[in-house]
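K.L.:
Dock chain B against the given chain A, drawing on the hints supplied.
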Amino acid sequence: MLNSYIIKYAQKVTELKWLVAILAIVLVLFSAMGAKNLAFNNDYRIFFPDDDKRLQAFENLQNTYTKNDNVLFVIEPKDGVVFKPDTLAAIEDLTERAWQTPYSMRVDSLSNYQHSESVEDDMSVGDLYEDGKSLSADEIARIKKIALAEPQLIHRIISEKAHVTTLNITMEFPLQVENEQGEMVAADPTKQGMDVVSSVRALEAYTKATYPDLNVYLSGIVMMNNAFGEATIYDMSHLLPIAILLILITVFLLLRSVVGTIITFFVILFSVMTAFGLAGWLGIEVSSPVMSAPIIILTLAVADCVHILSTWLAEIRNGADKHTAMKESMRINFMPVFLTSLTTAIGFLSLNTSDSPPFGDLGNVAAIGVMIAFLLSVTFLPALASILPVKVKARESKTLNIMNGIAEWVIAKQKALLIGGGLLAILLIAIIPKNELNDIYVEYFDERIQFRTDTDFIVNNLTGIYYIDYSIDSKESGNISDPDVLAKVRKFTDWLESQPEVIHVNTVTDTFKRLNKNMHADDDGYYKLPDSRELAAQYLLLYEMSLPFGLDLNNQIDIDKKSTRISTTLKTLSTKQMLEFEVRADAWMTQNIPDLKAVGASPSVMFAHIGMKNIVSMLSGTTIALVLISLILVLALKSWRYGLLSLIPNLVPAGIAFGIWALIDGEIGLGLSVVTAMTLGIVVDDTIHFLSKYLRARREKGLGAEDAVRYAFSTVGIALWVTSVALIIGFLVLSTSAFKLNSGMGLLTAIVIAVALIVDFFLLPPILIKLDKWLSKRKTIAT
Amino acid sequence: MKMKTQLKLILSTMILSSVTLFASANAETPAAKGLRIAQEADASDTGFNDFTANMVMTLKNRAGKSSRRIIRIKTLEVANDGDKSLSLFDEPADVKGTAMLTFSHGLKADDQWLYLPALKRVKRINSRNKSGPFMGSEFAFEDISSQEVEKYKYKYLREEACGEGNKWKCHVIERIPAYKYSGYTKQVVWIDTQHYRPTKIMFYDRKNALLKTLVATNFSQYAGKHWRPAMMNMQNHQSGKSTILQYTNYKFKTGLSTRDFNKKSLAR
Numbered sequence: 001m002l003n004s005y006i007i008k009y010a011q012k013v014t015e016l017k018w019l020v021a022i023l024a025i026v027l028v029l030f031s032a033m034g035a036k037n038l039a040f041n042n043d044y045r046i047f048f049p050d051d052d053k054r055l056q057a058f059e060n061l062q063n064t065y066t067k068n069d070n071v072l073f074v075i076e077p078k079d080g081v082v083f084k085p086d087t088l089a090a091i092e093d094l095t096e097r098a099w100q101t102p103y104s105m106r107v108d109s110l111s112n113y114q115h116s117e118s119v120e121d122d123m124s125v126g127d128l129y130e131d132g133k134s135l136s137a138d139e140i141a142r143i144k145k146i147a148l149a150e151p152q153l154i155h156r157i158i159s160e161k162a163h164v165t166t167l168n169i170t171m172e173f174p175l176q177v178e179n180e181q182g183e184m185v186a187a188d189p190t191k192q193g194m195d196v197v198s199s200v201r202a203l204e205a206y207t208k209a210t211y212p213d214l215n216v217y218l219s220g221i222v223m224m225n226n227a228f229g230e231a232t233i234y235d236m237s238h239l240l241p242i243a244i245l246l247i248l249i250t251v252f253l254l255l256r257s258v259v260g261t262i263i264t265f266f267v268i269l270f271s272v273m274t275a276f277g278l279a280g281w282l283g284i285e286v287s288s289p290v291m292s293a294p295i296i297i298l299t300l301a302v303a304d305c306v307h308i309l310s311t312w313l314a315e316i317r318n319g320a321d322k323h324t325a326m327k328e329s330m331r332i333n334f335m336p337v338f339l340t341s342l343t344t345a346i347g348f349l350s351l352n353t354s355d356s357p358p359f360g361d362l363g364n365v366a367a368i369g370v371m372i373a374f375l376l377s378v379t380f381l382p383a384l385a386s387i388l389p390v391k392v393k394a395r396e397s398k399t400l401n402i403m404n405g406i407a408e409w410v411i412a413k414q415k416a417l418l419i420g421g422g423l424l425a426i427l428l429i430a431i432i433p434k435n436e437l438n439d440i441y442v443e444y445f446d447e448r449i450q451f452r453t454d455t456d457f458i459v460n461n462l463t464g465i466y467y468i469d470y471s472i473d474s475k476e477s478g479n480i481s482d483p484d485v486l487a488k489v490r491k492f493t494d495w496l497e498s499q500p501e502v503i504h505v506n507t508v509t510d511t512f513k514r515l516n517k518n519m520h521a522d523d524d525g526y527y528k529l530p531d532s533r534e535l536a537a538q539y540l541l542l543y544e545m546s547l548p549f550g551l552d553l554n555n556q557i558d559i560d561k562k563s564t565r566i567s568t569t570l571k572t573l574s575t576k577q578m579l580e581f582e583v584r585a586d587a588w589m590t591q592n593i594p595d596l597k598a599v600g601a602s603p604s605v606m607f608a609h610i611g612m613k614n615i616v617s618m619l620s621g622t623t624i625a626l627v628l629i630s631l632i633l634v635l636a637l638k639s640w641r642y643g644l645l646s647l648i649p650n651l652v653p654a655g656i657a658f659g660i661w662a663l664i665d666g667e668i669g670l671g672l673s674v675v676t677a678m679t680l681g682i683v684v685d686d687t688i689h690f691l692s693k694y695l696r697a698r699r700e701k702g703l704g705a706e707d708a709v710r711y712a713f714s715t716v717g718i719a720l721w722v723t724s725v726a727l728i729i730g731f732l733v734l735s736t737s738a739f740k741l742n743s744g745m746g747l748l749t750a751i752v753i754a755v756a757l758i759v760d761f762f763l764l765p766p767i768l769i770k771l772d773k774w775l776s777k778r779k780t781i782a783t
Numbered sequence: 001m002k003m004k005t006q007l008k009l010i011l012s013t014m015i016l017s018s019v020t021l022f023a024s025a026n027a028e029t030p031a032a033k034g035l036r037i038a039q040e041a042d043a044s045d046t047g048f049n050d051f052t053a054n055m056v057m058t059l060k061n062r063a064g065k066s067s068r069r070i071i072r073i074k075t076l077e078v079a080n081d082g083d084k085s086l087s088l089f090d091e092p093a094d095v096k097g098t099a100m101l102t103f104s105h106g107l108k109a110d111d112q113w114l115y116l117p118a119l120k121r122v123k124r125i126n127s128r129n130k131s132g133p134f135m136g137s138e139f140a141f142e143d144i145s146s147q148e149v150e151k152y153k154y155k156y157l158r159e160e161a162c163g164e165g166n167k168w169k170c171h172v173i174e175r176i177p178a179y180k181y182s183g184y185t186k187q188v189v190w191i192d193t194q195h196y197r198p199t200k201i202m203f204y205d206r207k208n209a210l211l212k213t214l215v216a217t218n219f220s221q222y223a224g225k226h227w228r229p230a231m232m233n234m235q236n237h238q239s240g241k242s243t244i245l246q247y248t249n250y251k252f253k254t255g256l257s258t259r260d261f262n263k264k265s266l267a268r
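Just so you know, the sequences run in chain order A and B.
Under the working numbering, the first residue of the first sequence carries the number 1, and numbering increases by one thereafter.
Under the working numbering, the first residue of the second sequence carries the number 1, and numbering increases by one thereafter.
The set of hints was computed from the structure by calculation and includes no laboratory data.
Careful: at least some of the hints might be erroneous.
As the list claims (entries may be wrong) - Calculated cross-link-like contacts (lysine to aspartate or glutamate; reagent style DMTMM-like; alpha-carbon spacing at most 25 angstroms):
id	chain 1	residue 1	chain 2	residue 2
1	B	K108	A	E130
2	B	K186	A	E172
3	B	K60	A	E172
4	B	K65	A	D552
5	B	K60	A	E178
6	B	K108	A	E117
7	B	K207	A	E204
8	B	K65	A	E172
9	B	K120	A	D484
10	A	K517	B	D111
11	B	K207	A	E180
12	B	K123	A	E120
13	B	K108	A	D93
14	A	K562	B	E91
15	B	K123	A	D121
16	B	K120	A	D122
17	B	K123	A	D122
18	B	K207	A	E96
19	B	K108	A	D122
20	B	K263	A	D522
21	B	K180	A	E130
22	B	K263	A	D121
23	B	K123	A	E544
24	B	K263	A	D122
25	B	K120	A	E534
26	B	K200	A	E180
27	B	K186	A	E183
28	B	K65	A	D52
Excised from the complex, chain A in its bound form (with noise of 0.2 angstroms):
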């Protein structure tokens, strides 16, 4: 039956050899041809779906007012003094040439400050200095006088101890741009961000040349972008080397054959080029998180070539000639292989129920290159096997008597292991819930990326990166200026100001309180907001027409005069923070202005809630990948009962590994969110060898359940053993990388595969030996 069809076809395939070989490197060459169509996309914004609630919050406010994208150019002294003619001639400098980045709309700066006066009782609007250089002392103490008690200022353009400042550089990226042919099409936004940054890198070298006593940082929204591109660009310039070394390393200490190393190698290779094409066909996106998938495909596709190689070798050593042998292996690997890389398949595309569309397309991407992968093991592998001469040395083999010396003790210890192991799986589950929701998305990036160490001294020194906007929305056209509602809008300011996570609001009502205080002949007792509609109206016109070109009011007013954007900076928050601070927020507008009240837009928010999101929506993923897989299980096993028992080595290594999480670390991101569903499909693998071997010693052999045991780890011990160190090893290079979802992915399901592998050889036995009479009451299910 199956396993003729099997051998004839194993049989074609090393006649036409050459035939299959070429054809398969001809289609994996016109597959890969598709990777033209790739495009990076780094914008944080595909983390959320299209009709994702706070998305469509924050775009709506992003159209209302004046765009968030920025860079904070952040300008620190060497010795600490910004109140000095060279610091300030040299930030004029720098505004000016900073209006010439690409994109930009606004450049906020400590010289082109919009500092209004009164003069002569008018009133006077202008830069707060200029020609900083000709200063004297008297003047600069003013400066520093006005800057640091205006609250547009103080913690978001200079710090406290005026030893920072920065520019703060707003983009307009526009959607569509006319092309050589004149015509409108859509443009590449990764290609306007590092247009941005290389214009922005340009500026701080030459800030470095011309003002040696300034050091630059750089952080904001588009640095940020650029950072997941950077990120990726470290990860795959440093990591993929490695991942492949090592697995190639990995593959020859355990084949001992240079052809086989060799074969591994170009089936590891195609698949992952053949995958990363047919995305570029099927118009998939990469993102960082799919950048992940060359390590998962590689790494998984080995499995494959371990298990068809290793037989085919050991029938060699035995003294088949290499075609013979090649049948056999396929006789005997063709449906595990095909098994476990469709329940790996299924796992992966689990990753669609994911909340964040680029974990799906993670998840699409790897199960390509998974069945790909199985497709390469039974057509261009045995077909190279078959062409490339083969000289094997006898040996004896070590490891076996490994296995069958754990097989013993595992034998004879099994109460002990059952009662042991089974508590320490217990206890270790029963810790997963102190892992706590929380993904920080600046530490998203660890210290080798710039963006990160820079991010973290503008934190420290400056301002926060993390905001919330509130559109204050007073539902009629110049409605704003209503006491009423300005009233309202203070109370929420000042609300706001007085939360332990806020380091700066920027509010229009500042802006009414100096104008008012202005139009008084600078008399501080009118440092309050104007008691008439018609007052704070005009005053608001008188302003608006004293402003230069790019420092309009549109960043906190909408051309109707109808709502206003209250801009929170906070300190580096915690998902779990954040989401606490957004729902006390929320309470107190519910309470306090439930006229006036407002979602918070912000990317901050926007993670926080994803995050969460993912986890529901995972587990859902994560079962109806459990019962696929379980089915297949029950099929391939021919048992329910077999069928059943096997969830107990799927779930346990990922409830367990949880459980370690918590002691190790303790924060479940977004990242982590997906791993269960992962991880459920390469765990399967380990079960259905140990368990299809088992049975067959049960039901062929008509063995004991400890003898069965026996010969399932003296069959396939060496090769779970094997191919478990080779993905561990391949998700521990993926754990090193510098993007933290993809570290901490890495590092987890390493765990997971290393705790699949401990309760398969230490745990299920035990239980099958100890259910051996129930298991035993079987009903077959008929083929």
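P.N.:
Relative to chain A, chain B alone:
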């Protein structure tokens, strides 16, 4: 083969450069031609004395929201200096009665005063910023204040079809603001050859990127000489916002005088 191509290249370069030399020796320079046309355009509109009009300003943002302002304008022609103008705001309601008086000048900062009815006081707008938005619109002060010849340096570019349905012929002239605090590095103006009507202006920002395009349409002639558009549409290419100005009720030579353009006249 290679020699031949090179020879060809050298020859053609020589011919081309001699032609250019010849042409420039005989025709006026692009700068002179640009300036001449600007002067002609200025001359063609002199002698209007004064005019009044009603203006509706409609602002639109990227989110598709719009907002309206209604303003009455009065302008007095001033010989050898910028014009004087008075803007009276009727809408939005909370700025109704606010009036702005502007004495525009060539290269000096304009003089501006604003009457605030809520304060019952006239306040001077003490700022040399001409680049800022007018009432939150896409029009900067410098876009709508009177266009004196000396405000720019000119360069004639070409002649091409223009206007609605490309029925007119236009001079295309590049002009570079001479005012230090201008928000632009340059403007490209399409001005029709027959009546010197400016139909289109493209504005380039400080990084020399295209910022806005102004298109003026529905021109009518008043007092037998002066052409004015009924509609001006300013599109900001960077922010996606736009502003439309609609003019009605143009009246020329209404007998206004300097007495109607002083601080006292603002409160009326």
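K.L.:
Each hint: holds or not?
P.N.:
Now for the hints, and whether the structure bears them out:
1. K108/B to E130/A: The given pair, whose Cα atoms are some 18 angstroms apart, holds under the 25 angstroms limit.
2. K186/B to E172/A: holds, 21 angstroms
3. K60/B to E172/A: holds, 17 angstroms
4. K65/B to D552/A: holds, 18 angstroms
5. K60/B to E178/A: holds, 22 angstroms
6. K108/B to E117/A: holds, 22 angstroms
7. K207/B to E204/A: holds, 18 angstroms
8. K65/B to E172/A: The hint holds at about 19 angstroms.
9. K120/B to D484/A: Distance ~23 angstroms between K120/B and D484/A Cα, so the pair holds.
10. K517/A to D111/B: holds, 23 angstroms
11. K207/B to E180/A: holds, 20 angstroms
12. K123/B to E120/A: Within the cut-off at roughly 10 angstroms; holds.
13. K108/B to D93/A: holds, 24 angstroms
14. K562/A to E91/B: holds, 14 angstroms
15. K123/B to D121/A: holds, 8 angstroms
16. K120/B to D122/A: holds, 14 angstroms
17. K123/B to D122/A: Distance ~5 angstroms between K123/B and D122/A Cα, so the pair holds.
18. K207/B to E96/A: holds, 10 angstroms
19. K108/B to D122/A: At roughly 19 angstroms apart (the allowed maximum being 25 angstroms), D122/A and K108/B satisfy the hint.
20. K263/B to D522/A: Holds, because 23 angstroms separates the two Cα atoms, which is no more than 25 angstroms.
21. K180/B to E130/A: holds, 14 angstroms
22. K263/B to D121/A: holds, 15 angstroms
23. K123/B to E544/A: holds, 14 angstroms
24. K263/B to D122/A: Roughly 14 angstroms separates the two Cα atoms, so the pair holds.
25. K120/B to E534/A: Distance of about 11 angstroms is within 25 angstroms: holds.
26. K200/B to E180/A: holds, 22 angstroms
27. K186/B to E183/A: holds, 23 angstroms
28. K65/B to D52/A: Judged against 25 angstroms, a Cα distance of about 22 angstroms means the pair holds.
Violated hints for the displayed structure: none, as all numbered hints are satisfied.
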